[in-house]
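A.B. asks: Below, each chain spelled out in residue letters.
2 protein chains.
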Amino acid sequence: MVEVWRGPLAESLHAGHAVICDGNGEIVEAWGDPEAVILPRSSAKMIQALPLVASGAADAFSLSTERLALSCASHEGAPVHNAAVREWLADIGRSESDLICGPQPSRDKALKLGMIRDHEEPGRVLNNCSGKHTGFLTLTRHLGAGADYCDPDHPVQRACRSAFEEVTGLESPGFGIDGCSAPNFATTMSGMARAMAFYATAGQRGDLLSRSAVRLVEAMIAHPLLVAGEGRACTLLMQAANEPVAIKTGAEGYFIAILPERGLGISLKIADGATRASECAMAAILVRLGVLEAEHPDVKHFLNPEIRNWDGRVTGSVRPAPGVF
Amino acid sequence: MVEVWRGPLAESLHAGHAVICDGNGEIVEAWGDPEAVILPRSSAKMIQALPLVASGAADAFSLSTERLALSCASHEGAPVHNAAVREWLADIGRSESDLICGPQPSRDKALKLGMIRDHEEPGRVLNNCSGKHTGFLTLTRHLGAGADYCDPDHPVQRACRSAFEEVTGLESPGFGIDGCSAPNFATTMSGMARAMAFYATAGQRGDLLSRSAVRLVEAMIAHPLLVAGEGRACTLLMQAANEPVAIKTGAEGYFIAILPERGLGISLKIADGATRASECAMAAILVRLGVLEAEHPDVKHFLNPEIRNWDGRVTGSVRPAPGVF
Chain A
1 MVEVWRGPLA ESLHAGHAVI CDGNGEIVEA WGDPEAVILP RSSAKMIQAL PLVASGAADA
61 FSLSTERLAL SCASHEGAPV HNAAVREWLA DIGRSESDLI CGPQPSRDKA LKLGMIRDHE
121 EPGRVLNNCS GKHTGFLTLT RHLGAGADYC DPDHPVQRAC RSAFEEVTGL ESPGFGIDGC
181 SAPNFATTMS GMARAMAFYA TAGQRGDLLS RSAVRLVEAM IAHPLLVAGE GRACTLLMQA
241 ANEPVAIKTG AEGYFIAILP ERGLGISLKI ADGATRASEC AMAAILVRLG VLEAEHPDVK
301 HFLNPEIRNW DGRVTGSVRP APGVF
Chain B
1 MVEVWRGPLA ESLHAGHAVI CDGNGEIVEA WGDPEAVILP RSSAKMIQAL PLVASGAADA
61 FSLSTERLAL SCASHEGAPV HNAAVREWLA DIGRSESDLI CGPQPSRDKA LKLGMIRDHE
121 EPGRVLNNCS GKHTGFLTLT RHLGAGADYC DPDHPVQRAC RSAFEEVTGL ESPGFGIDGC
181 SAPNFATTMS GMARAMAFYA TAGQRGDLLS RSAVRLVEAM IAHPLLVAGE GRACTLLMQA
241 ANEPVAIKTG AEGYFIAILP ERGLGISLKI ADGATRASEC AMAAILVRLG VLEAEHPDVK
301 HFLNPEIRNW DGRVTGSVRP APGVF
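Residue numbers (our numbering), protein chains in the order written: chain A, 1 to 325; chain B, 1 to 325.
None of these hints come from the bench; they were simulated from the model.
Please note that the accuracy of each hint is not assured.
Which copy is meant is left open, so a pair is good if it fits within one copy or across any two.
[As the list claims (entries may be wrong)] In silico SDA-like pairs for lysine to any residue, Cα to Cα no more than 25 Å straight-line: (1) Lys112 - Arg205; (2) Lys300 - Ile177; (3) Lys109 - Ala60; (4) Lys112 - Ile307.
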């Protein structure tokens with residue numbers, strides 16, 4: 001799917017799977033193996049946030065669209081994200097120590113360097129998943145459930161699994177433990193594309209799960225900066241799009257897109273787990289569909305990024321493999 | 001070649017090429033495509049250092065075995081490496097500003113954090129290739145050549161290309177510009193394995209190039225810490241080996257090994273460029289050959305590393321694909 005060039009050579013190559021599904025769960029287009037079993041990692045966050053909305057917890061705690069966007073975010077731990085998560089925790093009577101996700105250094109350069117200079121240790125609020133976890137805590141409080149909300153048998157995770165199986169249309173064959181210690185349920189490439197098409201077409205249906213899905217997609221589209229951060233692929237590609245779309249990365253080369261105006265959902269997995277390739281391939285698919293313009297500088301930055309060396313010299317580039325997309 | 005597991009799933013997969021050659025340039029064993037054209041990146045440093053020795057420059061400047069090891073190193077910019085490069089530069093009447101490699105932050109954690117706290121900018125001496133470049137500068141001085149020693153037409157680079165083609169046994173089809181701005185010549189997987197077998201069997205021959213190769217291999221084996229650094233794969237695997245071997249990583253998933261006692265050379269390229277996979281696959285090949293013990297903790301650390309999340313919890317592992325090695 002993706003080539004990494006240096007001088008006269010495609011020095012490294014990335015293969016992968018991708019599926020585009022419509023609202024009937026039919027595969028519109030596919031690359032690689034649509035039945036490959038995968039872990040969607042953080043690309044599943046809008047599914048993990050579904051019980052928060054569908055349960056009534058979001059409304060019981062009057063969650064703003066900003067907080068709904070954060071519940072679906074892999075944010076970079078910039079001051080804007082950290083402050084919003086801290087306020088949300090305070091509003092539900094919880095604190096940083098209630099978060100089960102581990103501590104992660106900020107990916108905001110100024111904050112990261114400032115914390116090193118001040119000998120400040122990274123906290124859990126800075127974890128890219130802290131919004132998702134604050135959503136889990138909100139649902140936990142709403143349900144009056146125990147503190148161990150990442151246990152696969154906890155009511156929150158049982159609700160997540162049920163929502164996941166509902167929108168993917170498949171029983172999950174199992175789960176891995178994610179970077180933030182939450183269970184991450186497995187499905188197939190087509191199952192994940194079907195789930196994203198469920199979100200893309202949710203506005204056409206009136207059931208509770210669909211109405212909840214619409215609110216999450218709209219929140220992501222309304223707040224692209226909260227979903228990721230400055231300079232991040234999800235944020236910049238959502239902002240650059242010709243139409244409202246939700247785009248979400250996941251670890252190990254996962255990526256999804258939700259296209260409400262077309263009723264299409266997209267799942268993408270780079271087999272070797274490389275983010276440089278998943279960003280390039282997702283941009284290529286969205287350019288092919290006309291959702292993104294190849295010449296837009298923020299699109300070009302992910303579709304065809306330059307590789308620079310320590311001296312700042314351009315030594316190569318990443319590009320979609322010819323004839324694939 | 002390599003699987004990355006999380007819970008019940010091989011979440012990501014890495015494919016690659018590997019070749020083992022003997023001193024006659026014959027392929028003893030191969031995986032993938034032995035004729036794949038590659039850039040060996042920093043795995044070619046002992047070839048880029050060959051003209052330094054063969055020209056007489058190393059002896060003219062009385063280079064120690066430590067300096068010969070540094071000329072083949074991708075060091076981590078720890079104080080031990082930086083001090084040694086600075087002394088070498090002073091001894092040849094050159095300074096940091098004569099190095100063409102760009103500045104790189106130290107990979108030594110304490111030094112890196114200390115420099116951030118002191119608002120110190122990374123310098124060129126800290127670049128992982130600064131030993132190679134100081135070798136280039138030494139040869140440049142010896143030849144009375146111009147300052148632009150990374151120009152492909154500079155006498156130093158013409159000598160590197162000539163040495164490269166001699167030991168690989170092939171005309172190079174071209175070059176890319178490396179992370180340190182030096183040309184990196186292309187060859188095939190078998191060409192690179194043949195070159196490493198040339199080094200492994202150099203002690204059996206008396207010609208100038210072979211005698212120079214022996215000195216570089218012996219320097220690498222004598223100073224594994226200078227070749228990479230504390231906790232690094234090259235250093236730890238050389239130290240853990242049952243016999244004297246030189247092991248050297250390169251960017252984008254490249255790796256080589258030189259086995260003098262067996263007269264064998266090994267080249268390895270992970271197709272997607274992932275270091276986690278090249279370290280695992282090189283360890284697997286050396287375990288299979290009996291050069292490394294799978295149960296040695298420093299070997300296990302690269303052969304079968306645990307993946308831990310932000311909370312320190314083990315969430316998966318990297319392992320050689322079954323039945324491959």
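A.B. asks: Please go over all the hints and tell whether each is borne out by the structure.
C.D. replies: The hints, checked one at a time:
1. Lys112 - Arg205: Answer is neither; intra-copy 44 Å and inter-copy 54 Å both fail.
2. Lys300 - Ile177: Answer is between; shortest inter-copy Cα gap is 22 Å, intra-copy 34 Å.
3. Lys109 - Ala60: neither (36 Å within a copy, 46 Å between copies)
4. Lys112 - Ile307: Classified as both: same-chain Cα gap 24 Å, cross-chain 23 Å, threshold 25 Å.
Violated hints for the displayed structure, listed by number in ascending order: 1 and 3.
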